[in-house]
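Number of protein chains: 4
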Amino acid sequence: MFCYHTKIRLHHTDAAGQVYFSQIFTLAHECYERFLDEAYPLDTLLATGQVLLPIVHAEADYHQPLKIAEPITIEMALARLGDHSFHLRYELKPDDGTIAATVKTSHVAIDPATQQSIEIPNDLRQALSNLHL
Amino acid sequence: MFCYHTKIRLHHTDAAGQVYFSQIFTLAHECYERFLDEAYPLDTLLATGQVLLPIVHAEADYHQPLKIAEPITIEMALARLGDHSFHLRYELKPDDGTIAATVKTSHVAIDPATQQSIEIPNDLRQALSNLHL
Amino acid sequence: MFCYHTKIRLHHTDAAGQVYFSQIFTLAHECYERFLDEAYPLDTLLATGQVLLPIVHAEADYHQPLKIAEPITIEMALARLGDHSFHLRYELKPDDGTIAATVKTSHVAIDPATQQSIEIPNDLRQALSNLHL
Amino acid sequence: MFCYHTKIRLHHTDAAGQVYFSQIFTLAHECYERFLDEAYPLDTLLATGQVLLPIVHAEADYHQPLKIAEPITIEMALARLGDHSFHLRYELKPDDGTIAATVKTSHVAIDPATQQSIEIPNDLRQALSNLHL
Numbered sequence: 001m002f003c004y005h006t007k008i009r010l011h012h013t014d015a016a017g018q019v020y021f022s023q024i025f026t027l028a029h030e031c032y033e034r035f036l037d038e039a040y041p042l043d044t045l046l047a048t049g050q051v052l053l054p055i056v057h058a059e060a061d062y063h064q065p066l067k068i069a070e071p072i073t074i075e076m077a078l079a080r081l082g083d084h085s086f087h088l089r090y091e092l093k094p095d096d097g098t099i100a101a102t103v104k105t106s107h108v109a110i111d112p113a114t115q116q117s118i119e120i121p122n123d124l125r126q127a128l129s130n131l132h133l
Numbered sequence: 001m002f003c004y005h006t007k008i009r010l011h012h013t014d015a016a017g018q019v020y021f022s023q024i025f026t027l028a029h030e031c032y033e034r035f036l037d038e039a040y041p042l043d044t045l046l047a048t049g050q051v052l053l054p055i056v057h058a059e060a061d062y063h064q065p066l067k068i069a070e071p072i073t074i075e076m077a078l079a080r081l082g083d084h085s086f087h088l089r090y091e092l093k094p095d096d097g098t099i100a101a102t103v104k105t106s107h108v109a110i111d112p113a114t115q116q117s118i119e120i121p122n123d124l125r126q127a128l129s130n131l132h133l
Numbered sequence: 001m002f003c004y005h006t007k008i009r010l011h012h013t014d015a016a017g018q019v020y021f022s023q024i025f026t027l028a029h030e031c032y033e034r035f036l037d038e039a040y041p042l043d044t045l046l047a048t049g050q051v052l053l054p055i056v057h058a059e060a061d062y063h064q065p066l067k068i069a070e071p072i073t074i075e076m077a078l079a080r081l082g083d084h085s086f087h088l089r090y091e092l093k094p095d096d097g098t099i100a101a102t103v104k105t106s107h108v109a110i111d112p113a114t115q116q117s118i119e120i121p122n123d124l125r126q127a128l129s130n131l132h133l
Numbered sequence: 001m002f003c004y005h006t007k008i009r010l011h012h013t014d015a016a017g018q019v020y021f022s023q024i025f026t027l028a029h030e031c032y033e034r035f036l037d038e039a040y041p042l043d044t045l046l047a048t049g050q051v052l053l054p055i056v057h058a059e060a061d062y063h064q065p066l067k068i069a070e071p072i073t074i075e076m077a078l079a080r081l082g083d084h085s086f087h088l089r090y091e092l093k094p095d096d097g098t099i100a101a102t103v104k105t106s107h108v109a110i111d112p113a114t115q116q117s118i119e120i121p122n123d124l125r126q127a128l129s130n131l132h133l
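Just so you know, the sequences run in chain order F, R, X and Y.
For the first sequence, my numbering assigns the number 1 to the initial residue and increments by one for each residue that follows.
For the second sequence, my numbering assigns the number 1 to the initial residue and increments by one for each residue that follows.
For the third sequence, my numbering assigns the number 1 to the initial residue and increments by one for each residue that follows.
For the fourth sequence, my numbering assigns the number 1 to the initial residue and increments by one for each residue that follows.
Since the hints were derived computationally from the structure, they do not count as laboratory data.
Any given hint might turn out to be false.
The list treats identical chains as one, so a pair stands whether inside a single copy or across any two.
No more than 35 Å apart at the CA atoms, straight line, and that leaves these computed lysine-lysine pairs for DSBU-like [what the hints assert, rightly or not]:
hint : residue 1 : residue 2
1    : Lys93     : Lys67
2    : Lys104    : Lys67
3    : Lys104    : Lys93
Given only the sequences and the hints, what does the whole structure look like? Please build it.
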């Protein structure tokens, strides 16, 4: 499991006084990017241009609203690891121990040149496997 | 079916050169707000404070990337209408007739004072029903 | 003068109940992109890679808050046209005829290969000049 | 001077491959909110409803592009402290010691009930003064 600590900021919220629903996905992706920082940096990935990891499915369940200035821990776990794809699962947890939201993302490895799916690079596969344990 | 015509703008995109995944949800919600403009204006809803319609579930399938300056039509349909909740389904269609992404959102009517689910207001129910036909 | 009609949406607002300050810049840039659609499409610009038009300065004055579902007209005018740069000025006007915010952006034409400033492309210069009149 | 360490994420960038211009303001405001966390929490401020601190002017100078996954330090300093208003200045610094962008924001203290300017609350004034030294 990979943990990312962050805080709800004004730009995450909307006029209903809580976090705007699509920002939950952005927060989950920040956690994923933090994981990639150590495992398989996104800047290197984009610069080398040998693989892209587009999201083909994303979903979220909203259990309770998140408020401005609220500290949250995002816990990311591997849900499935295939040859050409992987599924991640995130829980957004305020300090009270509840789960405010659950997010899932499904990623496919593709070759930018051909747009065909390819095998997940070894370094990333290794890092994802470690996440699993 | 309710249709909303818009265009992909620079702020929707990211360094991978396509629309950032969570912006698909924001674009779908703009379509929903356009529908509410005519059916049950969100400013009135927030001002009167008698009902909130939070999203309890959202999901998206990404079929093909959307590029900057690309015109899209978002078609919104009613997927389910319950007593206290409704489900919407959106298709994001570029001009070539394909479906770039499909989005679903589930909304619950709650009383802001008690945070309990309540019946969907009649005006909104009527507008959603019309959408169905 | 170039006019762009739009509406304040939930994702523009924050928990203080009004438009979040940096969204004013995004709204102004949408107006600029709408202008470019007709004059010098941004997708072509990014695809050909012969010129970039980065913003080197941006500023906004906020005169009155903008609320959700509020229709606004953004009026964009040319403030200055140099050989290698241009300055734009935007007024965000709600329906009551007041000016809610004023935005300025300064753009420089640069060669992506050398990162040196170059002359503004003729098509764009012409379109900007028309804007002036 | 108040320092905030963060990192450029995918959602900050656009299809031109760098940070989208208005995200610079959002990043600066995150720094300001981090400062308020310790000095005068924004959640308390919004909950008590005795003062609002809207931004009446914001500007940015962009010196060099910021790329995805780039670590930055945002240094925030007090530029001016009046009876009813204060001005902040931010420098966004990548690890190479350069200044990628400079941001300024001007805030006014107003009474939400009357919308008239009022004196800056003492706690906040004290925290801002400390920032100055």
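How the hints compare with the structure:
no. : hint            : result
1   : Lys93 to Lys67  : both (12 Å within a copy, 29 Å between copies)
2   : Lys104 to Lys67 : both (21 Å within a copy, 24 Å between copies)
3   : Lys104 to Lys93 : both (15 Å within a copy, 24 Å between copies)
In summary, this structure violates none of the numbered hints.
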